[in-house]
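As a plain string of letters, each chain reads:
Number of protein chains: 2
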Amino acid sequence: MLNQSTDLDRMFHALSDPGRRAMLDRLVRGPASVKDLAEPLAMSLPAVLQHLQVLEVGGLVTSQKIGRVRTCSLRPDALRAAEAWLSDRRGIWESRFDRLGQFLSEQDDQSGDRS
Amino acid sequence: MLNQSTDLDRMFHALSDPGRRAMLDRLVRGPASVKDLAEPLAMSLPAVLQHLQVLEVGGLVTSQKIGRVRTCSLRPDALRAAEAWLSDRRGIWESRFDRLGQFLSEQDDQSGDRS
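Chains as they are written, first to last, in the working numbering: chain Y, 1 to 115; chain U, 1 to 115.
Do not rely on the hints blindly, as some may be mistaken.
As the list claims (entries may be wrong) - In silico negatives: residues of chain U with every beta carbon more than 12 Å from chain Y:
1. S5
2. V34
3. E39
4. P40
5. L52
6. G67
To be verified - Restraint-style ranges between C-beta atoms, simulated for each label pair:
7. Y/A22 - U/R80: 19 to 29 Å
8. U/G101 - Y/S111: 54 to 64 Å
9. Y/A22 - U/P31: 29 to 39 Å
To be verified - Chain Y stretches covered by chain U per the calculated footprint, using a threshold of three residues with CB under 8 Å from any CB of chain U:
10. 22 to 33
11. 41 to 55
12. 87 to 93
Bear in mind the hints are in silico, worked out from the structure with no lab data behind them. Here a beta-carbon is modelled for each residue, glycine too, at the ideal position from N, C-alpha and C.
All chains should be modelled from the sequences, with the hints used to inform the complete structure.
Printed below as a string of structure tokens:
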């Protein structure tokens, strides 16, 4: 539970920066080198490497250095885990309103029976 | 775009703390006072108020003080926006694999035709 919670902390923290989200936007389209990631973002390589580290710690990205090129890839399971966490909460919230709707509709029926 | 990005920054930042996520877990079940939120978390009232402020800035929670009681409620639209952002990325990622699968299957068919 503690580890799972820490994973969510790191993942949501990784998602809380527009530069890191832009890097993910690129990586959902396929693996990319650090240079490829940096170019459209007008970011320095050290800045990209720093963001990359946060994305890796957040479990969202993995990278591998072959020769002089570091290639980054998305880890889609982390995106799915964050989405599942949010979807579970939305489910609880919506079922609460479904139950409220059902209760009000039953009240209507009962007052209809009485009238 | 800038505002939307800032909204996502603040929302994901708000979600990156286990105490704040525990407060949301309580609020998906219905509105609660600050005291109700603090009790099961073994958190001081000032700590809860501080987290509450981050949740409010993140657009996830709204609160209203009537008399001496501040009541907090979930704003489900923000949860939906975060979920939609993640779901869009997953969609792009998965359609990439669908296209790859289709391509490989077409290659198989063509090599089958030739054999």
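Status of each hint after checking the structure:
1. With a least beta-carbon separation of about 5 Å from chain Y, U/S5 fails to lie farther than 12 Å from that chain, contradicting its non-interface assignment.
2. No Cβ of chain Y comes within 12 Å of the Cβ of U/V34; the nearest lies about 20 Å off, and the non-interface call holds.
3. The non-interface label for U/E39 is consistent with chain Y: the shortest C-beta to C-beta separation is roughly 20 Å, beyond 12 Å.
4. Here U/P40 stays apart from chain Y, with its beta-carbon at least about 15 Å from theirs, past the 12 Å limit.
5. No Cβ of chain Y comes within 12 Å of the Cβ of U/L52; the nearest lies about 17 Å off, and the non-interface call holds.
6. Every beta carbon of chain Y lies more than 12 Å from that of U/G67, the smallest distance being close to 25 Å; the non-interface claim holds.
7. Y/A22 and U/R80 have their C-beta atoms about 22 Å apart, which keeps the hinted 19 to 29 Å range intact.
8. At roughly 56 Å, the beta-carbon separation of U/G101 and Y/S111 lies within the given 54 to 64 Å, and the hint holds.
9. Between Y/A22 and U/P31, the C-beta spacing of about 36 Å keeps the proposed range 29 to 39 Å intact.
10. For a cut-off of 8 Å, the count of residues in the stretch 22 to 33 of chain Y with a CB near a CB of chain U stands at 5, and the three-residue condition holds.
11. Residues of the stretch 41 to 55 of chain Y with a Cβ under 8 Å from some Cβ of chain U number 0, which does not satisfy the need for three, so the listed coverage is violated.
12. Counting residues of the stretch 87 to 93 of chain Y whose C-beta sits closer than 8 Å to any C-beta of chain U gives 5, which meets the bar of three, so the coverage hint holds.
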